[in-house]
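Peer 1: One line per chain: the protein sequences are A and B, in this order. Position 13 of the first sequence, counting from 1, maps to 249 under our numbering, and the rest follow consecutively. Position 355 of the second sequence, counting from 1, maps to 591 under our numbering, and the rest follow consecutively.
Read the hints as simulated data drawn from the structure, not as lab findings. Relax, there's no trap hidden among the hints.
Part of the chain B face toward chain A, derived, beta carbon under 7 Å: (1) Ser-289; (2) Ala-300; (3) Ala-366; (4) Gln-477.
Quick caveat, the model's predicted, so the values are computed rather than measured. Every residue, glycine too, gets a C-beta built ideally from N, C-alpha and C.
Here is what each chain is made of, one letter per residue.
2 protein chains.
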Amino acid sequence: MRDVAIIGVGITKFGELWDLSFRQMIIEAGARALEDADIDGKQIDAMYIGNMSAGQFICQEHIASLIADHAGLAPIPSTRVEGACASGGLALRQAVISVASGVHDYVVAAGIEKMTDVMTEQATGALATAADQEWEVNAGATFPGLYALMARRHMYEFGTTEEQMAMVAVKNHNNACMNPCAQYHTRITVESVLKSPPVVLPLKLLDCSPITDGAACVIVAPAEKARKMDRVPVIVAGTGQASDTISLHSRQSLTGLMATTRAADMAYKMARVGPEDIDVAEVHDCFTIAEIMAIEDLGFCKKGEGGKLTEEGQTEIGGKIPVNTSGGLKGKGHPVGATGIAQVVEIVHQLRGDAGKRQVKGAEIGLTHNVGGTGGTAVVHIFKRGD
Amino acid sequence: MRDVAIIGVGITKFGELWDLSFRQMIIEAGARALEDADIDGKQIDAMYIGNMSAGQFICQEHIASLIADHAGLAPIPSTRVEGACASGGLALRQAVISVASGVHDYVVAAGIEKMTDVMTEQATGALATAADQEWEVNAGATFPGLYALMARRHMYEFGTTEEQMAMVAVKNHNNACMNPCAQYHTRITVESVLKSPPVVLPLKLLDCSPITDGAACVIVAPAEKARKMDRVPVIVAGTGQASDTISLHSRQSLTGLMATTRAADMAYKMARVGPEDIDVAEVHDCFTIAEIMAIEDLGFCKKGEGGKLTEEGQTEIGGKIPVNTSGGLKGKGHPVGATGIAQVVEIVHQLRGDAGKRQVKGAEIGLTHNVGGTGGTAVVHIFKRGD
Chain A
237 MRDVAIIGVG
247 ITKFGELWDL
257 SFRQMIIEAG
267 ARALEDADID
277 GKQIDAMYIG
287 NMSAGQFICQ
297 EHIASLIADH
307 AGLAPIPSTR
317 VEGACASGGL
327 ALRQAVISVA
337 SGVHDYVVAA
347 GIEKMTDVMT
357 EQATGALATA
367 ADQEWEVNAG
377 ATFPGLYALM
387 ARRHMYEFGT
397 TEEQMAMVAV
407 KNHNNACMNP
417 CAQYHTRITV
427 ESVLKSPPVV
437 LPLKLLDCSP
447 ITDGAACVIV
457 APAEKARKMD
467 RVPVIVAGTG
477 QASDTISLHS
487 RQSLTGLMAT
497 TRAADMAYKM
507 ARVGPEDIDV
517 AEVHDCFTIA
527 EIMAIEDLGF
537 CKKGEGGKLT
547 EEGQTEIGGK
557 IPVNTSGGLK
567 GKGHPVGATG
577 IAQVVEIVHQ
587 LRGDAGKRQV
597 KGAEIGLTHN
607 VGGTGGTAVV
617 HIFKRGD
Chain B
237 MRDVAIIGVG
247 ITKFGELWDL
257 SFRQMIIEAG
267 ARALEDADID
277 GKQIDAMYIG
287 NMSAGQFICQ
297 EHIASLIADH
307 AGLAPIPSTR
317 VEGACASGGL
327 ALRQAVISVA
337 SGVHDYVVAA
347 GIEKMTDVMT
357 EQATGALATA
367 ADQEWEVNAG
377 ATFPGLYALM
387 ARRHMYEFGT
397 TEEQMAMVAV
407 KNHNNACMNP
417 CAQYHTRITV
427 ESVLKSPPVV
437 LPLKLLDCSP
447 ITDGAACVIV
457 APAEKARKMD
467 RVPVIVAGTG
477 QASDTISLHS
487 RQSLTGLMAT
497 TRAADMAYKM
507 ARVGPEDIDV
517 AEVHDCFTIA
527 EIMAIEDLGF
537 CKKGEGGKLT
547 EEGQTEIGGK
557 IPVNTSGGLK
567 GKGHPVGATG
577 IAQVVEIVHQ
587 LRGDAGKRQV
597 KGAEIGLTHN
607 VGGTGGTAVV
617 HIFKRGD
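Using the sequences and the accompanying hints, generate a full structural model.
Peer 2: Have a look at this one:
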């Protein structure tokens, strides 16, 4: 197995992209990634596309063929992978395995979701298909409802407060204001989060990530080739993936995601680093409570202390461990299949040192954490700034 | 890269499985594969699941997590891959890459589709999402309609007849009668195919594969481990995957699938064999014309002579190159995401020599050919009976 690097990144604006179709979005992200890598499309050997549900959102399966077609890259192998909101992370992992093994040299790992072509209730219905339909959703559970259960239990066991959760949203909106591609460029306050309309209490509207269109793309290549290129190479030092029960009621604990812990263990071990070595992290804040659980499960603080770490400002840019400098799912937007790749785009910018106003000074090791459903799938990657 | 083998296979009955749910089907196929391999579920390191559209068929995405959960195999990595009706073949290819590279040892490659929980018109609508929605389906094209265009052109260019196409269906139903898991155990005649109701002429009802529930599972492992086990090892000698334009109107030719030719070239080269070395093949006969094109594109005869080869009986058991001994998609049934894996189950039985009444004598090299949509994706695998 050889070392693998990210040599190019590209992303669309995230938001309600009425003027762009699914196929236009992916071409835009892909073209930017090729330009960033300074390579030609003809050099690409294969593609892995993360997408949760084009079948339900735009009535189109077989999108990997469609994308190879419209990118002018057929007949290269093109494969869609799906793990709900972790689809992007899974696509990267497959790309990394295929390059590390020597099967391919230059591989596209992309993520895309076009969510605003259906009515909002159809979109939330489609999103709920990430959870166990037969055993939970058909019994009345909604997706925010499941995360609200986790929030309630976290509050009960550890004293986590609604104010602390609100602080996650405030921080991530602040960061999004410095990210040109983010869906929201609006600052919010703890008070405005607390006063926002209830979705499923304790989660209010501003605790929830939005419905978003967007695409993101990275180019994976052997590290030895990356080191010969002009840009600072970003090495994929670790990759981890784990699964858990799809249904929440089968879990032993509601206050953390076992899949996150397992995937992080794999990735830390492979990268030979620990949580204390991470300089910047993009974590899966589909709801504010999810970020609090994630920073605990990833080892940035002890279990139960995620609210406190947030309140102390340690997850802000300039803090001990800056989290979601891109704005995260909450502020940047959450086009579900694209999110896992968009996280990588941010970490690559941070490690290259070209993240502009949101740059974490001297960042050398970064982490991405992508979750499917309520934690049935988790994918963690660790990146190092190369020599 | 190390050699890879199939050490266990399992399959459900194919048909309208009213009494089995999605999760029951996959557990049944998986348990049979584990039993066949004589290993414990705890030895499995990862899973790749081929599935076209659980989102549209049973309103459930994130099925890889659901399956890991219900198989009791969480927290192992579990990933769904999708390429329309080629999803199963893609799942096998990912499993093979992950074992060949040394990332994993024992990996499940499974395929599943539960298609009869929705009304027939919803099922055909879901199937049409394998074709280009914006540029073909929204303009009125149906899936059988697209294959009918190919059939018309094949008839025009090469003189292929409706009788020859009918002979594909007759042969495959004959073979299905000898396969206990097949959907149909009914013999048909050329006359009954020709007199069956028109779907899109020249394709009639009995030229078309049916709507089917079913699941299939194979266990992939390093060849060195397989050689130490009791069963005859079946080596994965070659794997190939290619893409083409998703829309038919963009193609240079309608009488063959470029993706098949490219994927076959890759697989033949890797396996160091040619079409003349193949003893038995399972090819993607979603419509009868598709089998005729496939046997040409795979090199079993010259372009345009597939109808003649069929008419001569050379694709029957006992012929020069027996094709679809399982009954194929037409006779065994076509649970779209499961089909690519079900093909492998048949080839493994043939190479082990335990295919019962449908055994091809002395079969040592077998091939599977799995197509997504109208040929936007194709996957070809070549298997050799091990020592």
